[in-house]
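Protein chains in written order, with the working numbering: chain A, 1 to 236; chain B, 1 to 191; chain C, 1 to 272.
Incorrect hints may appear among the rest.
What the hints assert, rightly or not - Short derived list, chain C residues pointing at chain B, Cβ under 8 Å:
no., residue
1, G14
2, G99
3, A139
4, A140
Since the hints were made in silico from the structure, they are not lab data.
Ideal Cβ placement from N, Cα and C applies to all residues, glycine included.
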Amino acid sequence: MIVGFRPGAGFLHRAHPFTPLAITVSVALLAFVLPGTGGPLLLLLAVSLLAVAAGVGGVLAPALVLAIPFWLFLIILHGLLDATPDRAVLIGARITAMLVTFTTAVAVVHPARLVDALLERGLPFSVAYLFAATLQAVPRLRERAREILDAQRCRGLRVRGSLLNRATAVVPLAVPLVLGALTEVDERAMALEARGVGAATSRTPLAPPADHPVERWVRWALLALPAVVLVVRFVG
Amino acid sequence: MAPRLLALIPLAVGINWAMGQFVAATHLPVYLDTVGTVLVAALAGISPALATGVVSQTVLATLGGNVIWLWFLPVQLAVAALAGLAAQRGGFASWRRAVVIGAGVGALAAALSAPIAFFAFGGVTGGGVTVITTVLRALGVPLGPAVVMASVVTDVLDKAVTFTLVRSILIALPGRTAARFPATGRALGRS
Amino acid sequence: MIVRLQGLVFRYPGAQEPALRGVTAEFWPRDITVVTGRLGAGCSTLLLAIAGLAPRATGGEREGDVTTLGCDPASAEGRLALAGDVGLLFPTPWTQLSGMAYTVWDEVAFTPANLGWSRDQIGDAVDRSLRLLDVEHLAARDPRTLSGGELQRVMLAAVAVTQPRVYLLDEPTLQLDPAGAAAVYALLPALAGDAAVIVATTDVDRAVEVADRVMLLDDGRVIGAGAPDDVLGGAGAVTAGVSTTVAEILRAAECPGPYPLTVSGAQRLMKR
């Protein structure tokens, strides 16, 4: 199970992994350089339609849910207290567009494909490994944290009360978690070394994704777009 | 990068994320999302801590879907670097040192995160900081200063607790584990 | 001769006593050697020293000579020369996972890919290894969803994929249920092929079924080496608690030594 990834066969799934990433970067920059409130709103609409067209319309709901706290504060801070509702909408659209495009990218890019693509482009193995291994390690530690919390609660750990009480309660939770993790480090490191990490000059990508010249042009165009918009705004 | 670091960093990032469970359970007004990074700084030095910061920010943004975090990468890097420097100079040698240095790092972190929050997102980053910002704003404080004050209060508290927690972990390390990470001695002020 | 140890002494960092105190031994191809002893006798450390991971990855000090496949495995050149030729399996399957594979196939392909093999070579090697370890049906599964027994077989496939000339198996069945453990030991002779297989384990009951030689360690020293019956069948080994259950039962029943180690050996004895 890969958190956030949705298996599918849409055009973004089949694209080279760098393409959805290029879209995300481009949108993130455009969200700041597009003019007025209309710009980011149109951008938001565009990326939402893109998600649907790519067959991952299902990401819209979670992305919008993530956006709710932002909108709430924006309405209070900028809509009510500052009486600049335009600004609230502008920033809200900006944040939501970035959230939608990012969750789309996560939904269509399989981590293993991304790693292979990065390795093929000459990224050092350490970097690719760190990202890939961390993606797998994090949910595991989260699970262990939950277990420690339950176990300590059974032993009578009190997590309510005064601020100091609660702060000190974190220690018998954090220490076992960290010590448990550290004892694994040596064995994991030895296993990695025994399995050839760091031995050869470069690792062979197992299934490097195909890349079309057209896709490459599209990526460059996407990345150039914010710059173009910026220039047009200054000149015009 | 040495296999030992390749094994350590993913676990440290996991700790960054898992601390959120404990924070939620104890309802503490902090994040503790840099405990792993600061720990790596004390165990292994500045460069590994910086790497942990980068990996942490990107992977946790991916897993949580919260892309906004990516804009705060400079803050994570600053914390990692400062924690590394502090560790080299025995910053974890006593409780008082840990609290004071942690608070200092928090203040510097706020100095970086406040402008990002203000200029890029109008002061809205969706967490506890924004709650404080809103309250201050409602009390009549202008937005800019409100964001700064909220960031400082949150970050100073968060990093002071983080550094203290890391010291308790370093002290609790069994001899054999500590021997595998020679930098630990320096961080605790022993040589 | 594939592995040669001469007066090997090894001390872990910060340890008062050495874990190995002057071990001298040789290991040969097509032999399955079981290294056993009480907990803490130094069996795991012995394997790590043969692989060069002690002291390279564990820290600590080593005296004496270790020659694995003609080089010193702890040196930088030795490490490069031996990559893929020494296969090491650890007790816990989960901590050996690469951490970046989402299918068993990719997991088994981890080592050859790291060694820079071509995709064709990797494909052939992985397919062959999966077949050998009878885990072909798991090829598309996510390794994190496997049971302990299945995963250890997969990790053994991941070790066997480069066709190492030395297999170092450290407590390979510790985390497995009886059926899983039996399956692993049943596979060892097929793996041995032209390789030397060295298994460190306290599970002597199963290990002696496939062992060609046994090496008994106590407190870092070799106190017995040779045929299983000779090393483990004597009263000394049985009273020390390092022999098989069958031998212990027969001794407790006050049969005269030397004691058979297996059920079939006991049956033969009783028929007489």
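Against the structure, the hints:
A least Cβ separation of about 4 Å between C/G14 and chain B falls short of the 8 Å threshold, and the interface hint therefore holds. About 7 Å separates the beta-carbon of C/G99 from the nearest beta-carbon of chain B, less than 8 Å, and the hint is met. Here the hint on C/A139 is broken, as its CB sits about 25 Å from the closest CB of chain B, past 8 Å. Against a cut-off of 8 Å between C-beta atoms, the interface hint on C/A140 is violated, since the closest Cβ of chain B lies about 24 Å away.
When the structure is compared with the earlier hints, violations turn up for hints 3 and 4 and for no others.
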